[in-house]
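Student: Residue strings, one per chain:
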Amino acid sequence: MASETVITGNHLYPVRVPPELMHVPSGMAGSHFRAMGTTISVLLPEEHLQHGEEIVRSLFADWEQTLSRFLPESELSQLNRLAGKPVVVSELLFTVLERALMAAEATDGLYDPTLLNQLMQLGYDRSFDELPAELPAVEHSTSPGGRWRDIHIDQALHLVILPSGVGVDFGGIAKGMAVDAALEKLRQEGISTALVNAGGDLAVQGVPVMEQQWPIEVEGKTQSWVIPLHHGAMATSGVSRRHWKQGEQERHHLVDPRTGLPAQSGLWSVTVAAARCEQAEVAAKVAFLLGIEQGSQFLLRYGLAGLFVQGDGSWQAIGSWPKEAMMQEGEKEVRR
Amino acid sequence: MFYSDADDPYGQPSVPYQPYREDFDPWLSRSQKLVPSTAAPVRSSQANSSQTRMSKAEALAFVDQCKRWLIAGSIVAFGILGGLVAGQLAGTSSSQAAPGPNTSPTTPSSGGYFQQQGGGGYGFGNGNNWQPPVSSSRTS
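The listed protein sequences derive, respectively, from chains A and Y.
Residue numbering for the first sequence follows my numbering, starting at 1 and increasing by one per position.
Residue numbering for the second sequence follows my numbering, starting at 1 and increasing by one per position.
Honestly, the hints are just simulated from the structure, not real lab data.
Glycine is no exception: its CB is placed at the ideal position from the N, C-alpha and C atoms.
Some hints here could point you the wrong way.
Claimed, not checked - Below, a sample of chain Y positions facing chain A; criterion: calculated Cβ distance under 8 angstroms: (1) Gly-73; (2) Ala-77; (3) Phe-78; (4) Pro-133; (5) Ser-135; (6) Ser-137; (7) Arg-138.
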């Protein structure tokens, strides 16, 4: 990690800069903590740091306790164990499930919250931090997704009936929604300038004093770029981190519901900018599954901007993505 | 029933009974109709003092003309108002279809789950000046 550095003009920084080493704009302060299996970072005006951090930390703790599939006593885990039976759930779980079903509908099932069994069969049956790099080969039959269509929900009663044998894993959408909810909560508390980042899924509101934008590092395969985000959200889906071997098979966490297997789109990562982090998260994942050609069409259809990084390190910017920032960063070098 | 009109040289009623004027005049409210008229005796006594005063028939004709102008004016005003409202709606639609330079574009499919405008959209700043990153979007 320490040997990975990027040189840009007079600037020198590691490729994978830890959040606590990121630049902090004047008048702002940062805080970092672990939740939802990743690092949560917040940037807030100095005078609001303590109060704002408490708000965000509390929100993420609540969401993790409710929505994590890795916590046996979480409400989601209990719901999964009761598949086939009607269950009255909390407003939070119901809201996230409802949004997940909307995302599935909007993407024609390419985002699928009912791939838990497929992920378990592929070996992703525990928190990624606890997952070994190599797992023994397992004989199993693969099955495509799509069972989200059989979930019954009653909005008035907050009643959910999962199909028998089906489990829910929200994936990144829960993190994205938590980021959006955290910003909304900060706004309600009168904190109008903030950045919340949940392991790479981030959103901003306002702009720091003396600044005109939020410079965001976007990581490629062989280099990184600094993208000036003014408002909205950004999320990245890719295979650079959550991958492992199962026997002789390379596995990663981005399962294609059409096959029930890890996607083979030839992409390294897709980063998407959208109004809300939830949208950016879902769109990045779907674009990754679709590949560069159909994924580009998908982003353009919804007026989204994105960056596709291919397996060979080349990239393609889509929509209003600021290519000028990418070109300027061409001076960068990566030392490994 | 006829009006007794002192100005009528022929001793004939100047205007025949017209019940719609009393019962169905749309420009008068019910309460106005119920107010008893006390003007007639006064007019009779004042008639001789003014040679230029309108006759009853002229007054009613004048009122009828005023009503016609009022109806015509109302129709014209309604038309103008309707035109303004339609123009405003068209202007709003066209302005929504023209995004600013730094905002997310509106597309025909921008509604629904991926709607961008409703959430305030997204936008990029100036990418010409490199700045150190304050945060990172990466595969988590």
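Student: All the hints need checking, so say for each whether the structure fits it.
Tutor: Checked hints:
no. : hint    : result
1   : Gly-73  : violated (47 angstroms)
2   : Ala-77  : violated (42 angstroms)
3   : Phe-78  : violated (39 angstroms)
4   : Pro-133 : holds (4 angstroms)
5   : Ser-135 : holds (5 angstroms)
6   : Ser-137 : holds (4 angstroms)
7   : Arg-138 : holds (4 angstroms)
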